[in-house]
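K.L.:
Those protein sequence lines, which keep their order, are chains A and B. Numbered per our numbering, the first sequence finishes at 213, counting up by one with no gaps. Numbered per our numbering, the second sequence finishes at 483, counting up by one with no gaps.
You may find that some hints are simply not true.
[Claimed, not checked] Only part of the chain B face toward chain A is listed, based on derived beta-carbon distances under 8 Å:
no.: 1; residue: 141
no.: 2; residue: 142
no.: 3; residue: 145
no.: 4; residue: 149
no.: 5; residue: 163
no.: 6; residue: 178
no.: 7; residue: 204
no.: 8; residue: 207
no.: 9; residue: 231
no.: 10; residue: 283
no.: 11; residue: 287
no.: 12; residue: 452
If you are wondering where the hints come from, they were derived from the structure by calculation, not from laboratory data. Computed from a prediction, not measured in an experiment: that's the story for all the values here. Idealized CB from N, CA, C, for every residue including glycine.
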Amino acid sequence: MTLLADQLLVLSLLINFVVLGTSRIAFAVRAVAVQGILLGVLPALVHPFSWHLVGIVCGILLAKGIIIPWMIMGAIKKAEIKRELEPFIGYTSTLVLGAVFTSLAFMFAAKLPLAPEHSGLIFVPASIATLLCGFLVLMSRRKAISQVIGYLVMENGIFIFGLLLANAMPVMVEAGALLDLLVGVFVMGIVINNINREFSSLDTSRLNTLREE
Amino acid sequence: MLQGTSVISLFLLLPLCGALLAWLIPDNRRRPLVLPLFSLLHLSMTALLVIDTPPPSPQGWINLDSLGKLNLISISTLFTVCSIYSVGYLQYRQERSNRTLCMSLLVCLSAMSLVSVSHNLGLLWIALEATTVTMAPLIYFNRNARSIEATWKYLLICSVGIAIALLGLFFLAYSTIVAKQDVTLLLGSLIEDAPHLHAVWRHAAFIFLLVGFGTKMGLAPLHTWKPDAYGEAPGLVGALLAGGLCNCAFLALLRVYQIAVASTEAYLFQEVLLVMGLISMAFAAVFMVRQNDFKRMLAYSSVKHVGIMVIGLGLGGQALYGALLHMLANALTKVVLFLAAGNIHRAYNSKSTEFVRGALRRTPWSGALFLAAFLAINGSPPFVPFISEFIIINSAFVQGNFLTAGLFLLLLAIIFIGMASSVLPVVMGRIPAGLPATSYRDTPHTIVAPLVLMCVILVLGLWIPQPLHNLLREAAGLLRGGT
């Protein structure tokens, strides 16, 4: 089972690169949704069965696999955009940077000891690498929607780590964290619509009136 | 007689009922009245809870300790002042619906109260994230291009920051697994086990938590959202951001500090806090000078004051009392500053120091309040921020930390001069010729609440009541590792 879990984690690392390398926004959203579904399946592979776990799996699948992608797709349709045209950092460079970050994450994670029951799993490096890749997307893209996608990849990275604790955390905390994420993305969606209406574009580099002279 | 836990649940549900009521009321003029009604109820319940504290809940998730009480007192007081002010303010803003504003304010109050009472770090994180999200519509109240820009920056940077804090919490929880203990995010057990937690994980956790909560507090260099959000939000929202949200994030940091002090890494953590505090003050000093937007100037003043609070934590010892007093003092004074600045903004329809001059003539009361609060916030006697800053500096000298003390004094002086060069012309200068007239004039609605608060700041500067003194000492004791 642990082998399968590690394979899924590698798949989710590959998805990071898909998001880093694509200019088609709808495609990136689908990739993040697939990553969310992988995250939903993972806890079932590493923890023994319990109803608590079933709840977590369903919650993550529903929130990350269906509701959030659906909300962002809605925002994309309204804004009528398809591509991220001129990122601040080009696609090739972000891909290379992503590779560098991923290897750094593996080096950093080697210093963090795992509990015996989790030894051999690559949860920690996968989590940190995904966090960094999400951050990279967030920093390098111009469009507000791409930035939200970056934020979601970051959140996925944090959830990957959280999965190690899935059985031990109280339900309230997990449910609350998911709910906060949902509401957060919902509010971001509203703000995106307003940016689009105000500037007739989702280009955040136009958001530059507020600064020190 | 109600059980302790149910009293607190009722207390947390109260503002949510207010939000529901605000949603149901169709009349834009009457709706704001919900705010003072529920904030006064909240304030009186806060007083009851502080005097007659209910025992912790059975699992220990909800526990109102002295740190939580301090935070609760400050947010409840400032929310009451803001809500009374808001009735007058919203009369000037009848052109747009205030339904979202009223609802978000009350939901935010509930979330801030939850931050104060929760002793489970996971619950505390959820509440803090909830305050982040509910603040976004408030910053966007003016619905123009500038406010949407500010909202977007605020939402993105704070969401990322708070997400990093969540990873820090996970690390902390995982360090208990590695140390072969029961996984828990309960503050009490974490403090007890702190020395035994796995050192590397604990170390990583502290760094992530500091960055995460530091972003939310606006410690430099993680403060970049602050000037935009404070500058574009209405005055009363700015007051709530600078007084309420800042303190809630600070409380979260205090919880981490409690664990750090109990562990073996207290010294390192304190050093990092000292450096971050001084950097924040330095950033504030650089950007305060020649700042020509007086609301953005207040944001940098807020960066300075979170820096001071964190320096107090970094010094430890006597300075902890000062840091906690400063948390209260800063929150109250910032509210007066922001509300007065909001009035002046309204009266001139501009917040550039080029056009806004001579506020003492156009809006005598707001101008005077702005001036008094400016003096208070920069640590002039006899106001309470003077006392708290003095305790912190004194403690730095007593500990022989002359470098910190010297830099602290130097930066205070630079900031005072920088802020004075903007504030004095705004208040005292000559009104520029040809400035368009506006309908706003000082009325009791928008003046009485901040005026009363200013008196409180003055009184606290001269005399700190014994119960408050005891509360502060008890809270400082908690930070020294007591229980």
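K.L.:
Look at each hint and say if it fits the structure.
P.N.:
Quick rundown of the hints versus the structure:
1. 141: Hint violated; residue 141 of chain B Cβ to chain A Cβ min 12 Å, cut 8 Å.
2. 142: Nearest chain A Cβ about 12 Å off; hint violated.
3. 145: It holds, given that the least Cβ distance between residue 145 of chain B and chain A is near 5 Å, below 8 Å.
4. 149: Cβ of residue 149 of chain B sits 4 Å from chain A, so the hint holds.
5. 163: holds (6 Å)
6. 178: holds (5 Å)
7. 204: holds (7 Å)
8. 207: violated (12 Å)
9. 231: holds (7 Å)
10. 283: Nearest chain A Cβ about 11 Å off; hint violated.
11. 287: holds (6 Å)
12. 452: violated (33 Å)
The structure does not agree with the numbered hints 1, 2, 8, 10, 12 stated previously, though it agrees with the rest.
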